[in-house]
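There are 2 protein chains.
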Amino acid sequence: MTIEILSTGEEIRSGAIIDTNAAFISQLLEDAGLPVTRHLSVGDDSGLLVSVFKEISQRAQVAIVTGGLGPTQDDLTTEAAAEAARKKLFLNKNALESIENYFHSKNRQITTPDQKQAYLPEGAQILDNPIGTAPGFEIKIGSCTFFCMPGVPREMKKMIKDIVLPRIIELLGHTRIEQESITYSVYGLSEALVGERVNGLIQKYQGLRIGLRADFPVIYIKLSFHHSDSALAKEVMASSHQWIYEALGDKVFSARNDSMADVVGRLLRQNQATLALAESCTGGLIANWVTDAAGSSDYFLFSGVTYANAAKSDILGVPAALIDQVGAVHEDTAKAMAQGARHAAKATFGLATSGIAGPDGGTADKPVGTVCIGLATEQKAAGFRYHFPYRSRSMNKKVFAMQALDLLRRELQQVNSR
Amino acid sequence: MTIEILSTGEEIRSGAIIDTNAAFISQLLEDAGLPVTRHLSVGDDSGLLVSVFKEISQRAQVAIVTGGLGPTQDDLTTEAAAEAARKKLFLNKNALESIENYFHSKNRQITTPDQKQAYLPEGAQILDNPIGTAPGFEIKIGSCTFFCMPGVPREMKKMIKDIVLPRIIELLGHTRIEQESITYSVYGLSEALVGERVNGLIQKYQGLRIGLRADFPVIYIKLSFHHSDSALAKEVMASSHQWIYEALGDKVFSARNDSMADVVGRLLRQNQATLALAESCTGGLIANWVTDAAGSSDYFLFSGVTYANAAKSDILGVPAALIDQVGAVHEDTAKAMAQGARHAAKATFGLATSGIAGPDGGTADKPVGTVCIGLATEQKAAGFRYHFPYRSRSMNKKVFAMQALDLLRRELQQVNSR
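Same order as they appear, the protein sequences are chains P and C.
Residue 435, in this note's numbering, is where the first sequence stops; the numbers in between run on with no holes.
Residue 435, in this note's numbering, is where the second sequence stops; the numbers in between run on with no holes.
FYI, nobody ran anything at the bench for these hints, they're computed from the structure.
Just so you know, even glycine gets a beta-carbon here, dropped at the ideal spot from N, CA and C.
Any given hint could turn out to be false.
[Said to hold, decoys possible] To give a feel for the contact side, a few chain P residues facing chain C, derived at Cβ under 7 angstroms:
| # | residue |
| --- | --- |
| 1 | 31 |
| 2 | 47 |
| 3 | 216 |
| 4 | 228 |
| 5 | 301 |
| 6 | 314 |
| 7 | 318 |
| 8 | 410 |
[Stated by the list, open to error] List time: in silico DSSO-like cross-link candidates among lysine-lysine, alpha-carbon distance up to 30 angstroms:
| # | chain 1 | residue 1 | chain 2 | residue 2 |
| --- | --- | --- | --- | --- |
| 9 | C | 175 | P | 239 |
| 10 | P | 268 | C | 123 |
| 11 | P | 239 | C | 133 |
| 12 | P | 383 | C | 363 |
| 13 | P | 157 | C | 71 |
Kindly generate the complete structure, drawing on both the sequences and the hints.
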């Protein structure tokens, strides 16, 4: 079974917009056990469109086409499909009625270009579009069935879920395949290292699929297993789960596709604990991540983004003499910042960063990529120093922030396991 | 001349990630007068990759390939290219040296999988990748020259600009078409409204191209004009520039593709002024944007991310009685927060946000999407209230932060124009 996607339009071909439709369609079909083989995009070129329709009809059983159904002169999909199928265009009464209904519902007058959208190739079946002007259609060319839909993501998404996917399943006599899947979030290993370590797992279970995705500095591992036997699937997934933790240990911080801030937030909530931050080099990024979670006000109290040294002293109470003596980027300063933030906000935990994100400001002693992190609890406080090899300011901000949250995660997990 | 793009990788084929590389490459080539004809994506399937390489070699003169050059077993591009070209893989000394240099610069040990990346097809030329482990390569298959690059956007972008595009121009004997272009950043209008207002401009100048790109809540308008006559081009661009400001007024905050935080930073620097923030609903996002600019420590002193009301009082000195009386989300509270931040950090300007980002926490009086913004200077302080129609927490955080920075921008521009 071969399924292909064709995205049409000058704006996609020329790169003016990013084609998000293809990814959406692929993922929807993938989850239904219907993997897509190819995505193809071409512009509004009539001859090329016809030849692409023909090409696809020789390779695929099902093709999903988006774009080019609108009322303007550069909407060429319908004509190209008709020509590739050697059919004429006819006014489709159902299509006209559907367009008229749409305009009626919006209290708008229908115009001649709008009516153009009701002309479909002979033998095509209309695919209703309740939330837009252009209906789609289904047409067979050779042994391939084409589903042509508008390119507007909102309209396309509704049509593919409600009409096209059920129709494909019917057409292919496809028993909707069940899928077990789980996504692990990993911090502290490169993509290459994660790939190397999980390689053995692919060999172990036939049919188990592994996808790696990097969102710097986190690596997401998606394990998925298509099956018709749910006992087997559960066994494979449980055993793979154990395997992943044996291979990657506590570098895995979530087995449910969470962000680090989500994990830390949940641990804080479980412990009825609160958090105060003191951020220098991370410039508010940790607070921004933490507050992306709805309900974070339950555990997050305060971040003092103290870029100026005076702010470190005045607001967090870090002794100016300490900064003079050891510098702003130092374990002791970070520790004092964490204690100061914790104290200022009366929080359970204080977490602080001070470092050199670059591109300038590095010294031989403290090169770009150096970060000091302070962690303060009721009982203790400590400062740590790390050096990361990145030269980009934005990468450093991210890895510094992630390292700080990871330290807190480990502290919270220890508290939890006591 | 036919140019095609091939994006490889399971994560793209399956829709786990959106292929942004193809759009970037298309746009870069389009701007150089080299339109791309097709984008194609396939997964990590060795046989399919080989046949796609062969197909493309029969249609195109140039192909740009991304992905599949890494060290893991599902990185298959190099082998597929070799097989399609009927060449063997050899250890390429230049490639090995380039990889070793990269690891050396990061103080990291090179492993066997890393070395795999130095094996290139016989006759291939290495394309240097100074910021990543996998070098790319150029290889001729039939009459088509393939440029294979890593899929990591940051690495790919640098390589295509610095090496591949100049090489394609050389290869095709293409006279680089000159282009004048300018990108405006707009805040405060929807994409549809911006599109409607700039429509007249397209009709006015033949050959002038307009691209709109939305990065919520900012709309970027790119005007470009390909020409061989630079006097004409300058005239068209100057007149279009005036047209844009007449149509969009001070909603245009930059004519050089800047972010709002960059514009505000530049204005602060020009005025030798400093900034302190007090962020509640924006949760550190404003500080994070401001500190993304290298050198921002020259003008940015402090942000108090005061999620808890106690922090608003204790750290910013907002009277607890005021919060009790009018609530945390109120013009007067925002004004007091701005004054408090300004005072705490001894800054020229204080800017504060307090609002309801959602999804919960709204009331009839203060629904989700309500934000109060305070702005304090040496002479005065004021509080403002806005309501935005978004239901998403992340959209609200962004639009609240942007609105606050835009207020400060307008204040700074007034100061400047005095």
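Now the hints, each set against the structure:
no.: 1; hint: 31; in the structure: holds, 5 angstroms
no.: 2; hint: 47; in the structure: holds, 5 angstroms
no.: 3; hint: 216; in the structure: holds, 6 angstroms
no.: 4; hint: 228; in the structure: holds, 5 angstroms
no.: 5; hint: 301; in the structure: holds, 3 angstroms
no.: 6; hint: 314; in the structure: holds, 5 angstroms
no.: 7; hint: 318; in the structure: holds, 4 angstroms
no.: 8; hint: 410; in the structure: holds, 6 angstroms
no.: 9; hint: C:175 to P:239; in the structure: holds, 29 angstroms
no.: 10; hint: P:268 to C:123; in the structure: holds, 21 angstroms
no.: 11; hint: P:239 to C:133; in the structure: holds, 25 angstroms
no.: 12; hint: P:383 to C:363; in the structure: holds, 29 angstroms
no.: 13; hint: P:157 to C:71; in the structure: holds, 28 angstroms
When the structure is compared with the earlier hints, no violation turns up for any of them.
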